[in-house]
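Each chain, written out:
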Amino acid sequence: MTVTENSNNDNNMEKKMQTTKPSSLASVAGNREQRVPGTNLLGTGLETRGVHAWFGTKHVLSDISLDFAAGTVTALIGPSGCGKSTYLRTLNRMHEFIPTAALAGEVLLDGKDIYAPGTDVTKIRLRVGMVFQKPNPFPSMTIGENVLSGLKLAQLKRSNTDELLESCLQRAGLWSEVKDRLGEHGGALSGGQQQRLCIARALAVEPQVLLMDEPCSALDPGSTFRIEQTISELAKSMTIVIVTHNMQQAARVADYTAFFLSDGGPGVMIETAPTSKIFSSPTDKRTEDYVTGRFG
Amino acid sequence: MTMTLIPIVSIVSTVVLKGYKGIHFGMFTNDMTLASVNDPVQAGGLLHALVGTILMVGGALIISFPIGLLTALYLTEIRGKLARPIKFLVQAMSGVPSIVAGLFILSILVIPVTQELTGLMGSLALSILMIPTIARTAEEMLLLIPNELREAGVALGATQWRTVSGVVVPAAKSGLVTAVILGIARIIGETAPILLVSGGADALNFNPMSGPMGSLPFYIWKAFLTGGTEEAYARAWGGMLILLILIVVLFGLARYLSDRRAV
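Going down the list, the protein sequences come from chains A and B. Read in order, the letters of the first sequence are residues 1 to 296 in our numbering. Read in order, the letters of the second sequence are residues 1 to 263 in our numbering.
A few of these clues could be false.
[Claimed, not checked] Derived DSS-like pairs (lysine-lysine); straight-line CA-CA distance at most 27 Å:
#1 A:Lys-58 x A:Lys-134
#2 B:Lys-173 x A:Lys-134
#3 A:Lys-152 x A:Lys-123
#4 A:Lys-152 x B:Lys-173
#5 A:Lys-58 x B:Lys-81
#6 A:Lys-157 x A:Lys-236
#7 A:Lys-123 x A:Lys-157
#8 A:Lys-123 x A:Lys-236
#9 A:Lys-179 x A:Lys-157
Hint data in this document are derived by calculation from the structure and do not stem from the laboratory. Computed from a prediction, not measured in an experiment: that's the story for all the values here.
Construct the entire structure; sequences and hints are all you get.
Below, the structure written as structure tokens:
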């Protein structure tokens, strides 16, 4: 009996999904208040000029030029293997963490190339924080220690660590859930809470840009909703670049959306525009096919 | 199943059945300076051997742990050009017969330099056996640490060194404790190298820098070789039982700590 009920529900869900696509994505995106780039005092943002990336001899990204205006949220969408995560990792030089990786082009943070010779890579990563696909709190540390771990790791001095701890957890939307258990280990939290803990940890070193690599792909819808709320809050004070497989999510959180695609060769950026435009009237046929669910 | 149990049960039961006769309270408070092979078992004790074993194993640990851990860190974190030859060397070293380790220290340090058999020389010989065990175990434990944690550390603006010391090593802590205990268990029963370089003594000696030092394996060996009496055999089996208990406790501890790692 329950089985039939379930299958009915599934059918209904599917019908709803079919009828609401793609116009719903456009309307969701249209509901967002459009932020005007450059109005926040957050530096002049991040931009890339002709970025190429390789792993060994394999060319994985070709000629990506994109602007991320200060105080905006940009979503990178596209099918698996199109290079969007690789591109994200070029923005804080985490790309170099993979031994065979190589890069060409410029990534400008406040107008300065972060790959310029003599640049201190650890300083760049303090200004451009990152949240990963899988929640990765440090297992040997408590919740509180996790949040403040960046200060210790980067040897930064802060006098008011208690305030910082509270404000980071507040901004990550986790404070009310963990304020009485800051001494517990991070592993005791649920997946969604762990991911918000990782966001709080990234915030503690006060970055001006936050990169998020599919931060919700390992989480349930409830946790995803909480993280999206957090992203909207954070966007008031920082620049956010988020890679996502979930187009609804892109429509909900992003001011701008860039569509990446690979035809087997290196990934290229097909189109970038305000999110509502990408989902309602994309310029490129391939973008339209992707956002309407014809492939990918 | 039974094929593996038979030898284990046989060894343990023999040691327990023969060893319990050699156990008495005085053995933990006396050494063998005043007791001869013909004295009853209650005379004398193995305090000097227990102290010698603890001092020499402790000394070997102080030498081996930093070297073993740094080797493991080189293999897992730095992964430099020398990683392959070093890995090969560590594997080859773990196959070195223990008497060769003793002869090595004897021929490069004791005979040409110190010309004295001491506990320190015993620790050095044991280190040769302990380093590969610690390095290999620590390497495996560090490889278990997911790469996501290293990425998280580096992405927070930490240098590689601070990521390793602040994130990777603390995360592997209980695994590293296991490496230490396996290293101790590897050497605690070694007889040959100790026989060659630390002399072996019947008197209590707390100073590893001077004078020969006793140890449990040496105590057992001597009681068997020079005794020939009922009492000497009882002492030897008693010493074996104590050594066996020590090793079982250490392995149990290692097992317990490595099970707890899934935190």
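Does the structure keep Lys-152 (chain A) and Lys-173 (chain B) at a Cα separation of 27 Å or less? 19 Å, holds
For the pair we were handed, Lys-173 (chain B) and Lys-134 (chain A), check the Cα-Cα distance against 27 Å. Holds, at roughly 22 Å.
Could you grab the alpha-carbon distance between Lys-179 (chain A) and Lys-157 (chain A) and see if it respects the 27 Å cut-off? 23 Å, holds
Holds or violated: Lys-58 (chain A) with Lys-134 (chain A), Cα cutoff 27 Å? Holds. Lys-58 (chain A) to Lys-134 (chain A) sits at ~26 Å (cutoff 27 Å).
Taking only the CA atoms, is the gap from Lys-152 (chain A) to Lys-123 (chain A) under or equal to 27 Å? 14 Å, holds
Starting from Lys-123 (chain A), check that the Cα of Lys-236 (chain A) is at most 27 Å away, please. 23 Å, holds
Has the given pair, Lys-123 (chain A) with Lys-157 (chain A), been kept, meaning a C-alpha gap of at most 27 Å? Holds. Lys-123 (chain A) to Lys-157 (chain A) sits at ~14 Å (cutoff 27 Å).
Regarding the pair Lys-58 (chain A) and Lys-81 (chain B), is the alpha-carbon distance no greater than 27 Å? 23 Å, holds
Hey, Lys-157 (chain A) versus Lys-236 (chain A), does the alpha-carbon distance stay inside 27 Å? Holds: Lys-157 (chain A) and Lys-236 (chain A) sit about 26 Å apart, inside 27 Å.
The structure fails none of the hints (numbered hints given earlier).
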